[in-house]
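Number of protein chains: 2
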Amino acid sequence: MTGKIRIKDIARMADVSVGTVDRVLHGRGGVSTDSRRRVEEVLQRLDYHPNVYASILASNRQYLFCCLLPQHGADEYWSEVELGIHDARQAYADFNLTVTLFYYDPYDYHSFGQAACRVAACVPDGVVLAPTAPQHTKAFTDGLAACGIPFIYIDSDIKGEPALSFFGQNSHRSGCLAARVLMLLAGAEAEEVVVFRKKNEGIVGSNQQEHREVGFREYMDRHHPQCRILELDLQAKHEAGDGQMLDDFFARHPGVGSGVTFNSKAYVVGEYLQRQGRRGFNLVGYDLLRRNVDCLRAGSICFLIAQQPRLQGYDCIKTLCDSVVLKRTVERVHYMPIDLLTKENIDFYPR
Amino acid sequence: MTGKIRIKDIARMADVSVGTVDRVLHGRGGVSTDSRRRVEEVLQRLDYHPNVYASILASNRQYLFCCLLPQHGADEYWSEVELGIHDARQAYADFNLTVTLFYYDPYDYHSFGQAACRVAACVPDGVVLAPTAPQHTKAFTDGLAACGIPFIYIDSDIKGEPALSFFGQNSHRSGCLAARVLMLLAGAEAEEVVVFRKKNEGIVGSNQQEHREVGFREYMDRHHPQCRILELDLQAKHEAGDGQMLDDFFARHPGVGSGVTFNSKAYVVGEYLQRQGRRGFNLVGYDLLRRNVDCLRAGSICFLIAQQPRLQGYDCIKTLCDSVVLKRTVERVHYMPIDLLTKENIDFYPR
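Just so you know, the protein sequences line up as chains A and B, in that order. Take 1 as the starting number for the first sequence in the numbering used here and just add one per residue. Take 1001 as the starting number for the second sequence in the numbering used here and just add one per residue.
Just chain A, same shape as in the assembly (with noise of 0.2 Å):
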């Protein structure tokens, strides 16, 4: 290991001056390009990591970001996304950090539109936001490039608009390993199994969940043709009536034994069963909510798949960070982990 390099051993093995060498650091122009890429090397070379923190609380510079997110209850999966942002507001508290949260109902299109009005009003060095419908979505993402305002789609990507960066699931993946693992607790020569969806007036309310469902049907299409795929629509804004409409559904399809939901509410199904001593229906769901853990130790849920919501919601806020704040050059594409959870291994999940 090498000895504390200082700034002035770096501009001489470089052969430039001391304020090239600091320019360089901290991304600022006013360097040749012949000058950067000879600092550049010299810092490779003796990997040289420059106490960035320091500069940047001289500065005293105040940053503003918006998060967009679904309205939600507590214990959701949009929780623990803020609690990720929570997280990441305290690890950067020294850049003189502001953010503030705005919400919209994923049912209703014209309330996004309203909510992303009022970000855009705050003038924000950054936007976290997860997109509804692309059509929708455009007008803000639009606005926000006029301005020169970075920003981060969270939970699904919309290809081809100049977002800094995305922070969510490969959908379409995870919709086959939900296949995938349904059909092995159904077993290959199954005839029949169910999609439990949450609607609101025909709206699902999350592209996550509909490209989920396309993954899903194109590895069945693929490996269990044979295999029908039945559909119940639950109701998105409230559970009373759900009980009847399963009864309704399980009366007109006694020979269903598995099933999957592409939303967080696979708990809703699992009460469900628990409640009737239904025993050995396959369910296969999403997302750590308590009540669908509860489900899963208790064995009426066999497998969630899950992706790290906080660290999603962290990062979100980290890469604003990386890119506003240190001018640091950010990935366009993160997805997050497909993680496949059981009873057995629950307990060792990171959250």
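Keep in mind that the hints are not guaranteed to be accurate.
Derived DSS-like pairs (lysine-lysine); straight-line CA-CA distance at most 30 Å [unchecked claim]:
#1 K1159/B <-> K343/A
#2 K1318/B <-> K327/A
#3 K159/A <-> K1343/B
#4 K343/A <-> K1343/B
#5 K318/A <-> K1318/B
No wet-lab data here; the hints were simulated from the structure.
With chain A's structure known, arrange chain B on it following the hints.
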């Protein structure tokens, strides 16, 4: 978010001197219980994170950590652990850290003792060790404890020993999960499955592997008592002859359709299956060695169970830094995740 907090603000709020706050912040003695409590209360209320780095950088103290690991080739489980150790060494380079690696032959208890002596002779500030059989590990850890040198177990824990910490999988639960997915693949009515082992002169070479098999057998006894568990011990130190042993095994047991390895060499069986064009055998293994992952993608391994070895290596060095350098309290047991990977989610697994 509060403004910048100065040490003299904390001193005033806790009604102690600036020197007392400084002593509490840096974990030094000479502070009354009452003053310490008052300072800690204020720190907690303010959510204060002092710039510990600055004071450590100023001290110029050097630290030596030694790691004692099993000998291994390139692209093996322990190479990933080493990458993590290297990552941490870079991340904590500011602490004037030297990390030295030592190796022992996991199939030779004598070798462990020799390497342990060489570690002790360095009089390190902290040790990370992958313990061999408990009776052969004890002399070394007793010696470290007597010298006041903190040590961390990696991979497998030896309970009751005064280690600073442990990083590794809960092997029992991991074995249960292996049994569950194996029987999903095999079908509940399967009559026999096989456990493939790697041994040298009767020595398995890893506590972790032995304990996984215990968990596996307990699960099988409870849920599938009718299923026979066959065994095949392959050679630990070379692959020559494995093919013949596998040929003989499958000739003797033509009906067995599912098997598991508890070591990281599932690829020995997976590649054999591919060479033989033997399709439809359900193989479950451990760890993301390149050859294992190739088999997973090719379909000759169905599930791999992983545990983030790189993070494990990183966290061991980080924990020594936390305890030895930063004087923080650390947890005794850190179970690593039990990650379940298939060809669908392998690409998104963080490494």
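How the hints compare with the structure:
With a CA separation close to 24 Å, the supplied pair K1159/B and K343/A stays within the 30 Å bound. Taking the CA atoms of K1318/B and K327/A, the gap is near 27 Å; set against the 30 Å cutoff, the hint holds. Between K159/A and K1343/B, the direct Cα distance comes to roughly 24 Å. Compliance with the 30 Å bound is thereby established for this hinted pair. Proximity of K343/A to K1343/B is assessed by CA-CA distance (about 22 Å); at most 30 Å being required, the pair is judged to hold.
Under the criterion of a C-alpha separation no larger than 30 Å, the hint pairing K318/A with K1318/B is consistent with the structure, at around 21 Å.
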